[in-house]
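Each chain, letter by letter, is given below.
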Amino acid sequence: MNPFTYSRAADVPQAIADLTAKPHAKFLGGGTNLVDLMKMGVEKPESLIDINRLPLEKVEELPEGKGVRIGALARNSDVAENELIQSRYPVLSEAFLAGASPQLRNMATVGGNLLQRTRCYYFYDPAFPACNKRQPGSGCGAIAGFNRIHAILGQSDQCIATHPSDMCVALAALEAVVRVSGPKGEREIAFADFHRLPGDTPDHETNLQPDELITAVDLPASKFAARSHYLKIRDRASYAFALVSVAVALEMGADGKIATARIALGGVAHKPWRALEAEQALAGKAADDETFRAAADAALANAKGYLHNTFKIELAKRSIVRALTTVTAKA
Amino acid sequence: MTAPAIEPRVLGKPINRVDGRLKVTGAALYAAEFNPAGVLHAYALSSHVANGSITSIDTKAAESAPGVKAVLTHLNAPKLKEPKPAQQSGGGIRNEMRLPLSDDQIHYGGQYVALVVAETLEQARHAASLITVTYGQNPPVLQRQPSDKGKTPKVNNGEPVQLDKGNANKALADASNVIVEHVYQTPQETHSPMEPSATVAEWVAADQLTVHDATQYVKGVQDQLSKTFGLKLENVRVISPFVGGAFGCKGAVWPHVFLAAMAAKVAGAPVKFAISRQDMFSGTGHRTPTTQSVALAATRDGKLQAIRHRIETLTSPVGEYVESCGARSTGVLYASPSISVEETIYAVNVATPTFMRAPGECPGTYALECAMDELAAELKIDPVQLRVINHADSHPIHDKPYSAKHLKEAYQLGAEKFGWAKRTPEPGSMKRDGLLIGWGMATATYPAYKMAADARIQMKADGTVHVQCAAHDIGTGAYTVLTQIAAEAVGVPVEKVTFELGNSDLPFGPVAGGSNTTATVGSAVYDAAKALHLSLAKLATNDAQSPLHGFKPSKVTLTTEGMLTAEEDPSKSDSFTEILKRAGKDSIESNGSFKPSLLKPKLAFQSFGAQFCEVAIDPAHPRVQVTRFVSVMNCGRVMNAKTARSQILGGVVMGIGMALHEETVLDPTTGLPATRNLADYHVPVNADVPDIEVHFVGEPDLEFNPMGARGMGEIGITGTAAAVANAVYHATGKRVRDLPITLDKLLV
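Here the protein sequences line up with chains A and B, keeping their order.
Throughout the first sequence, residue numbering follows the working numbering, covering 135 to 465 in sequence.
Throughout the second sequence, residue numbering follows the working numbering, covering 599 to 1346 in sequence.
When the alpha-carbon atoms are kept at most 20 angstroms apart in a straight line, the in silico DMTMM-like pairs for lysine to aspartate or glutamate are as follows:
(1) A:Lys-173 - B:Glu-717
(2) A:Lys-173 - B:Glu-720
(3) A:Lys-464 - B:Asp-1031
(4) B:Lys-1332 - A:Glu-448
(5) A:Lys-357 - A:Glu-195
(6) B:Lys-1343 - A:Glu-448
(7) A:Lys-438 - B:Asp-1342
(8) A:Lys-200 - A:Glu-385
(9) A:Lys-173 - B:Glu-793
(10) A:Lys-178 - A:Asp-345
(11) B:Lys-1332 - A:Asp-369
(12) A:Lys-178 - B:Glu-720
(13) B:Lys-1343 - A:Asp-369
(14) A:Lys-160 - A:Glu-346
(15) A:Lys-200 - A:Glu-322
Calculated directly from the structure, the hints in this document are not laboratory data.
Model, not experiment: these values are computed from the prediction.
So that you can see chain B by itself, here it is in the shape it has in the complex:
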């Protein structure tokens, strides 16, 4: 992959969102807004038992309630085919490995036990309340049991989970080292996007299914529906042009998607299943709670000798997924002769977890970066300085150089913008207007991912360009950035480009996960643009009327917007529109693709950043108020300063929520989430969020892709909770090692 031959015209420009007008006028349609003729509405009844089985289920009253068309339970639901375990690349993702209503077993509170289909949502909801279920129940197991030895998977998402470099235990036993060791806990957290998940399923023929689905992965949903219902892949269409936030909870295929298709089959009509906010807390995944023990050994002058990170995570009885909390952050952040990461997974009666924004890196950096702050305090070394001392110039595990790492600049710029030099290190030493002021910081990091994608470009004779890929804009700005990339790669003004996403009929697009869309789809667009230029060059070089006649097509390249030029004679050029006009073509099409190299890369591709936070705390009633935040990121080229800033802002806001507010509490008796609505599950409101300064450092990472961009969707949340927690310590002298830091934990 080579750099673009010319200085970018459009990449990096802070253009407005191309879909902004559609969104503010309501013209952008989300899954639940599609209403096929005769659509029926579904409402689910969920189990209030977390461990047991259904002994009887009476649906008679529901069936005879007004408007009801069907009631599905495990007794009458169509039996689906259990697909083989989820494959990577191309296959859909399922984290819950039990199909809905497949038997009478209950594995967690909130599990769907019946689905009512009626003419209106209200009728379905009312009828669902008329169903009586009796359960054989055992006490739910909601915590790790002492007798449970757990599982220690080697690999998760294609990456090692367990790391062991050097001899950490030896360094930790060495009395000449300074040791800090503490346990940090993060609670179960729920993504809570604005748009709850929804699926509208329509059988357009006996063997043809169309679904409008709120998903981060149309090709994944297509794959899973085709396998479970035994349909040809191309007979399943999945449409998802707009998604109202996801943060990971719409990446896998969850039970409601299968239920919608099942219900539409049984009812003989299209069915809309827009799940309730309550069901978002058990039906579409959550971030697993973690217990993390971090031990650091360092010399008196602050050089790390050992990092040992032991993690316990919980999964459901019908899933295996957990976030890998150390390998991709603890294994990446600091130079240390020994690094050990051990993660153990325990199955309990909770709903199935899934990836949530920066899965693993987010809780992992919270624990490690708090431990680093504790080490800095112990050593009386400034927290920024301690991180500079331990800066990893190359990847700490495989020792490869980084492609474009500018973490030291991020620390420096962040410290400067924040005014860090004025910090007095003693906890409780900074006060303002009777409030305790605390300043804390942490490092952010997230890998640079690329997946596989195809792209199709159609150029019309008038020079307009339409680009297609079954990728997604889940609110990130992908429509805008991909439009910029296409304009750049093809060589046309951005106004001439339309980009189509979110439809499984389009060329393959990857899951909108791992912050990969820009890098992956952008690379495929560059490939398709190259093919387009070659086709145009062939037309021109074969055309006696063209100034490019007779040159080798491969030696004709894009130099100026809308023009191809002969490399051997730069005075010879021809325009796209002239070439097409003379060839008598209405349009020309090209395809491109990108596949990550199977060869091990020579470089390590990873993004880094520095988070700086100020908190103000009233000692009488110590609710933590974040009053300033500075986030400096190194993610390669900033493709669009507006959407990039929004991504980092959103990550920081979500990190503040993680630090101070968010917790899905399970009721000990039923195993149901007690806080399963947005009045009880708190996320930050505007008043909790200060002005957040976002800055970027570094240059385009052209070793990574032709745009030079690494993903930005997730890194903003990493390190944020630690920066807040470290600021709270600095303000109060209290280390709260279990999130969220609510005021009761600071009262004592």
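Next comes chain A alone, as it looks inside the complex:
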């Protein structure tokens, strides 16, 4: 851990001002990811700005039936148990409860969850000399190394790490909007545009600007969100990152067919992976096994595996079918 200074921001404008004024500054929320990475010497901020006292912890209904706003400092456990979320966006509550442990969920914030660093043995442990994310240009340790937990979609020859968040997979399916504040004021980022694929710059994981603060996540009202479900497949029964996860949401038409579908995958890519091809394959079709399989095949059509993770392709397909079967059975 490198030496750093610590300060506490009293309000949002001060937090944003401090971020630009202080050298190599980072915001500190629950600290459940950042502090680990600082101990390992992966993150080396020189200033930490504690934002835990900012008034950003509420979950509230937006006016005119426009949906629900989740404050960036709402704790994962509070959002998971929130009635609005449980009744209108069950996939999100399920995703939260599938993540980490109760102790971590009590600390972890929604904004921090969005900014979790991607997961890879070679990135998290600086003893490994090669990691393009940690040290641009140093190579990728995982491609020729141990890559069981790595990406099968959207990866580059620079980086095959995966995004670890469960929450974000649900938010991708729900077409959430990330609200941020910066020196130039507020702006909204569509969820699909928030996280980045690795490309040639795997060290840049999001499109959040260095002088911006996430203030909230908006969940739009939708016809599909109530019939939604999160399925997480992992190596043990609890407290493990997803090998593959699936967030699904369906709107059924009056004809009993699927009107619209939303599918996002976790554990397979550098960002929460929205499976647009699968959604298209479902729209207007009967909700049966054949349709589900076609959607699963479409979602994984461009997948590419490595020595230890090729199984994820088949696992992801089966998981999509299972999640769709489960959500269809929901009343």
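Start from chain A and add chain B according to the hints.
Just chain B now, with coordinates in the frame of chain A:
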């Protein structure tokens, strides 16, 4: 050794842990919690090269970083004396035979190359990141090379490694026999106790060293530190009152212990070296990976004609230790006219392995018990029945009778509690709620070990008793069980006894390994209690005021709690406290000892058990969930039903981890473990562990020791992985012969 004269009052009672309150209130101090005045903190830099040498090392930036007091490398570290190879009994254990920072050579990934000592841990850690090392490197050799012929040691831990009884190859070539032959693999596994290893070293004088160390063997650490630093044995004090789990990784003396003492010498202040979780994966040993080929030959009606078990294990270039995977399990479990065990060891660029819970028996029973299940399927004989058919009534190799073996009862009770009779043998034939259900079983076994120990008992005039031995409670419940033994042997209520462990100033205690503590230390306590009774008897028989006056001291014995009675006239008794009061003594002390007989025993002492497992598997995403487990053990007397149950539970949980989760994967390029933290090295969490039923069968094994108890620390893990793997086969029809059984292996 004879049985206690009276029915036990305290042995076998499920009393609560005597140290429970200390632990839950945080008053029990572990090694890293000791803070001598002015203590400094150490952090190690480890090699990310597994095969090569250090060509340059630049420590300037680290040396001038804030708070840094010293930076040790091979260039400036004090040269220690290489002690003679580890001796058994009494000598400390070292599995890594190279002292840290002794030269520029790199033998494995994760090897310590520098140690920073600073005022705070954070400063030391930061400074360590400022050191630059350049290496001359060769590609690491991480697997057995085809050209490597390996070594075939005859003996390991005093036991033969290779066995050859009858002619196994002939029986395996006999076409009238049914043959099964398969290769089973277990990965490198890491102990991962909750408490990472830590050493706090303080030079109290130029030639006097005190260390607080997380160890299973205070006398061993004392021995090795005295030899390497050239100190008188009594000038080295090793203190370890509580240990937060060990499972073998704190039994040998590892490089960090020497480094802490070295750093304290150089820095001129006490140094705390609490190693990181990452360093636990290369700095304190691991269970060697195994490749095991098991061939069984049997008649159509299931009688084994041959067991051939060929094992390949890996060790480091600077060690020799590997687990002996066949001799103590394959050589013990079943009656067979021919039994052959061959183990070959290959040195590769991996960190030095060590013993891990049931070393050898655990991976060995996994392979053999899976092979037995495959034979049962081949013969269409029930797996329990096949084991009963081949039950060994006497030791299969030396043909000695067992002291108290109740394995058939264990099978029977286990089958009954589990409901085994309802099992349908066809794989995939049992289903529940859309899940595939599988039932599997296996035999467990572990030897009954005794080592050497001394014990000292002090009885005060108020009747309280303090007992001392440099043995250990590594979380097992030894404090509790030894307190019960002392109360029983001396003849006082358990509340009057305190037991002191974990300090090298105390009378000799053995390593907390081989599940030996209860049997060994308990025997020494019985001996000391006998001496105490004799001293009290002498006082009484010489005292005209005593009802025992004039009797022969040797004919005065403990009959009732707190009383000595004349054998020749049971109406004549005197109490401990009266005897001491009249003698005007504040206290009386006695010493006892136990040494295993050098004569070959007439009986075979071995524990057995039966493991029954149910798994449920979703065929779509086939993660194995263990849903029920029944473990029936035969370990002689159950000294304390609570701590005994916990020992077996812990073993089974660790066995489930071995079956389904645990694997230390080495990165092929650097040779560093890629999974070297508890997020990536999976052990079972609560949700992976079902309700585990534990039962015990059999009677006290009084031929083994006066308590009648055999050890329980390790047997619970044996057979467990096989029971899980056999249940997975029964559920799915798939034999996964390499652990852990992760869902990808069942997808195809």
